[in-house]
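Q: Here the protein sequences come in this chain order: A and B. Per full-length UniProt numbering, residue 1 is the first one in the first sequence, and the count goes up by one each step. Per full-length UniProt numbering, residue 1 is the first one in the second sequence, and the count goes up by one each step.
Since the hints were made in silico from the structure, they are not lab data. Hints are not guaranteed to be accurate.
[What the hints assert, rightly or not] Calculated cross-link-like contacts (lysine-lysine; reagent style DSS-like; alpha-carbon spacing at most 30 Å): (1) A:Lys329 - B:Lys85; (2) B:Lys378 - A:Lys329; (3) B:Lys329 - A:Lys378; (4) A:Lys36 - B:Lys399; (5) A:Lys376 - B:Lys329; (6) B:Lys329 - A:Lys399; (7) B:Lys399 - A:Lys376; (8) B:Lys399 - A:Lys378.
[Claimed, not checked] One-sided and incomplete, this derived list gives chain B residues near chain A with beta-carbon spacing under 10 Å: (9) Leu47; (10) Leu50; (11) Glu247.
Glycine included, every Cβ here is placed at the ideal spot set by N, Cα and C.
Letter by letter, the chains look like this.
2 protein chains.
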Amino acid sequence: MEKTDAIDGKVDEASSREGSVCGYDSLHHLLSANLKPHLFQEVSRILLGLNRGKALETISLPESAKVLSSGHDFDLQAYCFLADKELLREPRIVRVGLIQNSIALPTTAHFLDQKRAIFEKVKPIIDAAGASGVNVLCLQEAWTMPFAFCTREKRWCEFAEPVDGESTRFIQDLARKYNMVIISPILERDVNHGDTIWNTAVIIGNNGNIIGKHRKNDSGQNHIPRVGDFNESTYYMEGNTGHPVFETAYGKIAVNICYGRHHPLNWLAFGLNGAEIVFNPSATVGELSEPMWPIEARNAAIANSYFVGSINRVGTEVFPNPFTSGDGKPEHADFGHFYGSSHVSAPDNSCTPSLSRHRDGLLISDMDLNLCRQLKDKWGFRMTARYDLYADLLARYVKPDFDPQVISDPLLHKKSP
Amino acid sequence: MEKTDAIDGKVDEASSREGSVCGYDSLHHLLSANLKPHLFQEVSRILLGLNRGKALETISLPESAKVLSSGHDFDLQAYCFLADKELLREPRIVRVGLIQNSIALPTTAHFLDQKRAIFEKVKPIIDAAGASGVNVLCLQEAWTMPFAFCTREKRWCEFAEPVDGESTRFIQDLARKYNMVIISPILERDVNHGDTIWNTAVIIGNNGNIIGKHRKNDSGQNHIPRVGDFNESTYYMEGNTGHPVFETAYGKIAVNICYGRHHPLNWLAFGLNGAEIVFNPSATVGELSEPMWPIEARNAAIANSYFVGSINRVGTEVFPNPFTSGDGKPEHADFGHFYGSSHVSAPDNSCTPSLSRHRDGLLISDMDLNLCRQLKDKWGFRMTARYDLYADLLARYVKPDFDPQVISDPLLHKKSP
Numbered sequence: 001m002e003k004t005d006a007i008d009g010k011v012d013e014a015s016s017r018e019g020s021v022c023g024y025d026s027l028h029h030l031l032s033a034n035l036k037p038h039l040f041q042e043v044s045r046i047l048l049g050l051n052r053g054k055a056l057e058t059i060s061l062p063e064s065a066k067v068l069s070s071g072h073d074f075d076l077q078a079y080c081f082l083a084d085k086e087l088l089r090e091p092r093i094v095r096v097g098l099i100q101n102s103i104a105l106p107t108t109a110h111f112l113d114q115k116r117a118i119f120e121k122v123k124p125i126i127d128a129a130g131a132s133g134v135n136v137l138c139l140q141e142a143w144t145m146p147f148a149f150c151t152r153e154k155r156w157c158e159f160a161e162p163v164d165g166e167s168t169r170f171i172q173d174l175a176r177k178y179n180m181v182i183i184s185p186i187l188e189r190d191v192n193h194g195d196t197i198w199n200t201a202v203i204i205g206n207n208g209n210i211i212g213k214h215r216k217n218d219s220g221q222n223h224i225p226r227v228g229d230f231n232e233s234t235y236y237m238e239g240n241t242g243h244p245v246f247e248t249a250y251g252k253i254a255v256n257i258c259y260g261r262h263h264p265l266n267w268l269a270f271g272l273n274g275a276e277i278v279f280n281p282s283a284t285v286g287e288l289s290e291p292m293w294p295i296e297a298r299n300a301a302i303a304n305s306y307f308v309g310s311i312n313r314v315g316t317e318v319f320p321n322p323f324t325s326g327d328g329k330p331e332h333a334d335f336g337h338f339y340g341s342s343h344v345s346a347p348d349n350s351c352t353p354s355l356s357r358h359r360d361g362l363l364i365s366d367m368d369l370n371l372c373r374q375l376k377d378k379w380g381f382r383m384t385a386r387y388d389l390y391a392d393l394l395a396r397y398v399k400p401d402f403d404p405q406v407i408s409d410p411l412l413h414k415k416s417p
Numbered sequence: 001m002e003k004t005d006a007i008d009g010k011v012d013e014a015s016s017r018e019g020s021v022c023g024y025d026s027l028h029h030l031l032s033a034n035l036k037p038h039l040f041q042e043v044s045r046i047l048l049g050l051n052r053g054k055a056l057e058t059i060s061l062p063e064s065a066k067v068l069s070s071g072h073d074f075d076l077q078a079y080c081f082l083a084d085k086e087l088l089r090e091p092r093i094v095r096v097g098l099i100q101n102s103i104a105l106p107t108t109a110h111f112l113d114q115k116r117a118i119f120e121k122v123k124p125i126i127d128a129a130g131a132s133g134v135n136v137l138c139l140q141e142a143w144t145m146p147f148a149f150c151t152r153e154k155r156w157c158e159f160a161e162p163v164d165g166e167s168t169r170f171i172q173d174l175a176r177k178y179n180m181v182i183i184s185p186i187l188e189r190d191v192n193h194g195d196t197i198w199n200t201a202v203i204i205g206n207n208g209n210i211i212g213k214h215r216k217n218d219s220g221q222n223h224i225p226r227v228g229d230f231n232e233s234t235y236y237m238e239g240n241t242g243h244p245v246f247e248t249a250y251g252k253i254a255v256n257i258c259y260g261r262h263h264p265l266n267w268l269a270f271g272l273n274g275a276e277i278v279f280n281p282s283a284t285v286g287e288l289s290e291p292m293w294p295i296e297a298r299n300a301a302i303a304n305s306y307f308v309g310s311i312n313r314v315g316t317e318v319f320p321n322p323f324t325s326g327d328g329k330p331e332h333a334d335f336g337h338f339y340g341s342s343h344v345s346a347p348d349n350s351c352t353p354s355l356s357r358h359r360d361g362l363l364i365s366d367m368d369l370n371l372c373r374q375l376k377d378k379w380g381f382r383m384t385a386r387y388d389l390y391a392d393l394l395a396r397y398v399k400p401d402f403d404p405q406v407i408s409d410p411l412l413h414k415k416s417p
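Bound-form chain A, shown alone (with noise of 0.2 Å):
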């Protein structure tokens, strides 16, 4: 399944702005190119929490969806995790996929040519998800659209559209033609209330039906960045829909979207709502995060016992006109590489390798969702977490005269050091 057309040690240091390399292709294929064999499986049993001593399997693909991969040149893997068999359920395989993608036409075309181009770039990738059948498959943050919001420009909004608008009518034939559940974060126009925008995962069923249109399920995203002057709430609201979870005909998925990851509550919520899936699109650059992206995705499925699928977009996207970030440094048209990587993470704490940090891909998981109770019997983290301590301490916490615990040495202010 792997690509060998990656690393052969070589890297070149000027490729980005924040000082990454880019001679390779991904940290996985970076270690199994430079390492002999068994250092690479012992570095990998503990990088990629392979304790049952090997790698995850791959999953053969039929021979169409390899011929979309090398036609379209995107990136190919997929992973089958595994689970116990149990005498009273019968395992629940589902196919899980991750689509990552670079945008197709350069920001200053026309805002229509540019979506469409990426609806164009999109489509053989979904194709050759649907031939390998996969039930769900999620893409990536505001897909249709460059993520703009670091130019605090206001242009880019005419990227919103209604949940019901041209790209999820483009995504609904597409579920339908692939008996798919299809997860469509997009930049949401409402219109019935005054033309706020959200962000939004707008959740297609296999059947090509919008799950939840009705609940306004317009956002699972709870928490806006507000990083140095990276300020998205300029652009979309805090989200107004809780937590949900959608029963699928493939189990219960909720989506946590990009941001939302740093934030341990944000996992735990969709947890307690019986999340079996959480899907995070991000859009996320190397200097920002590329070292948190698999720490914070792996302890949220650990933590939560559900699977994660995190998905981030690829290559560095070049605006028209400069802007600064805040920190000094000084203007630049484009706001880094986002390095991709997308992977899955299981509750039992291991891991695919991720996709390619420079090429668009898709990524296959099989996953027996008995796993999550699996890990809950076994760690029993749910059992052991006390929610009652941390209701009434949150409780306490969020009022303004709150009293933290705080136990002071008795000597402290009558000797210092």
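Given chain A, put chain B in place with the hints provided.
A: Frame of chain A, contents of chain B only:
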């Protein structure tokens, strides 16, 4: 600072029950010895979160500390975390030490001999910390004894001591001598409450005083492991001290004992109470947790904008009577290999390399506590956390009739795929 007596790529397949390989000292050493320098630098950028583009600086330690390290054969490493200069606050640099060690005598020896042999073994490591000017030092979980809870035998309860018992007096002398705050995690016998046993961290101030002694700060532990058949709650009770933060001469510290690291809410609570450094003294073996070891600690440091010091004991402890582990495998006399690998995680997602997987060790880190607030300002996680949503959710969740927020596909029960 780094020992280079480690890895050459050789691997001992038969080294431990869980099938890990023992022929290398740490993941960091394995990678640095087997990758070309420019590749190792890139791998470190991602794995150790060194986004500033270079490795953590090492600290120059006094000759006396090095002599103790080689004379008593313990790993000694020292690193420095940097923070930005501020205009209105001076740097608040604290030198923190973590100690990991194996037991000193066979578990068949007289308990008093076992305990005192551990004292003798740990003393030169504490002396090295003292000679190095360490301000805050933390020992491993239940450091005075073998980690016997896996046996389910009650005889090991004899290792429990009052908070002002022999081990505390031993530590108090050293704290006073070196003007050092020392965290001493022990099994506590609470004679004032019917001989109840707790898993307790005694916080000893730099003047040798027990900080908070009068508040019975007998435990930072709120979550008792119930993993498979391994149930420590038959040995000691769930803590009743909340999530105290101790204001010491060198900063606000807290202790999250062992299994508590699996609970993001537990980490959160110490953060809400104002902790700047949270120690996680642990005892955990390869098969159970090694791939999760760096993930959970680093996630906690990132999510809560504080430093985390993670400590795990080393070695394999063989008990007199074989026991089973509820996993269908034959009886065995040890719980597995305690893999050491103590390390420090910072709020900016950087991380030190880990101490040895096999040897006793002292890890020293200089940390400017100003980094905590700098990250709160930069990433804004505290500001965007929307705690009110979660206070409400948890209050509802703990009720028996909690109704999860689930949106079902309306076509689900009409037409099953």
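Q: All hints, please: hold or fail.
A: Here is how each hint holds up against the structure:
A threshold of 30 Å between alpha carbons decides the hint, and for Lys329 of chain A with Lys85 of chain B the separation of about 17 Å falls inside it, so the pair holds. Between Lys378 of chain B and Lys329 of chain A, the direct Cα distance comes to roughly 16 Å. Compliance with the 30 Å bound is thereby established for this hinted pair. A threshold of 30 Å between alpha carbons decides the hint, and for Lys329 of chain B with Lys378 of chain A the separation of about 16 Å falls inside it, so the pair holds. Restraint check for Lys36 of chain A and Lys399 of chain B: the C-alpha separation of about 54 Å exceeds 30 Å, so the hint is violated.
For the proposed pair Lys376 of chain A and Lys329 of chain B, the alpha carbon gap of about 21 Å is at most 30 Å, so the pair holds. For the proposed pair Lys329 of chain B and Lys399 of chain A, the alpha carbon gap of about 52 Å is over 30 Å, so the pair is violated. Proximity of Lys399 of chain B to Lys376 of chain A is assessed by CA-CA distance (about 20 Å); at most 30 Å being required, the pair is judged to hold. A C-alpha spacing of about 24 Å is found between Lys399 of chain B and Lys378 of chain A, which places the hinted pair at or below 30 Å, so the restraint holds.
Hint on Leu47 of chain B holds. Least Cβ distance to chain A is approximately 7 Å, under the 10 Å limit. With 10 Å as the threshold, the beta carbon of Leu50 of chain B comes within range of chain A, its nearest partner Cβ sitting at about 8 Å, so the hint holds. Residue-level restraint check for Glu247 of chain B holds (minimum Cβ-Cβ distance to chain A is 4 Å; threshold 10 Å).
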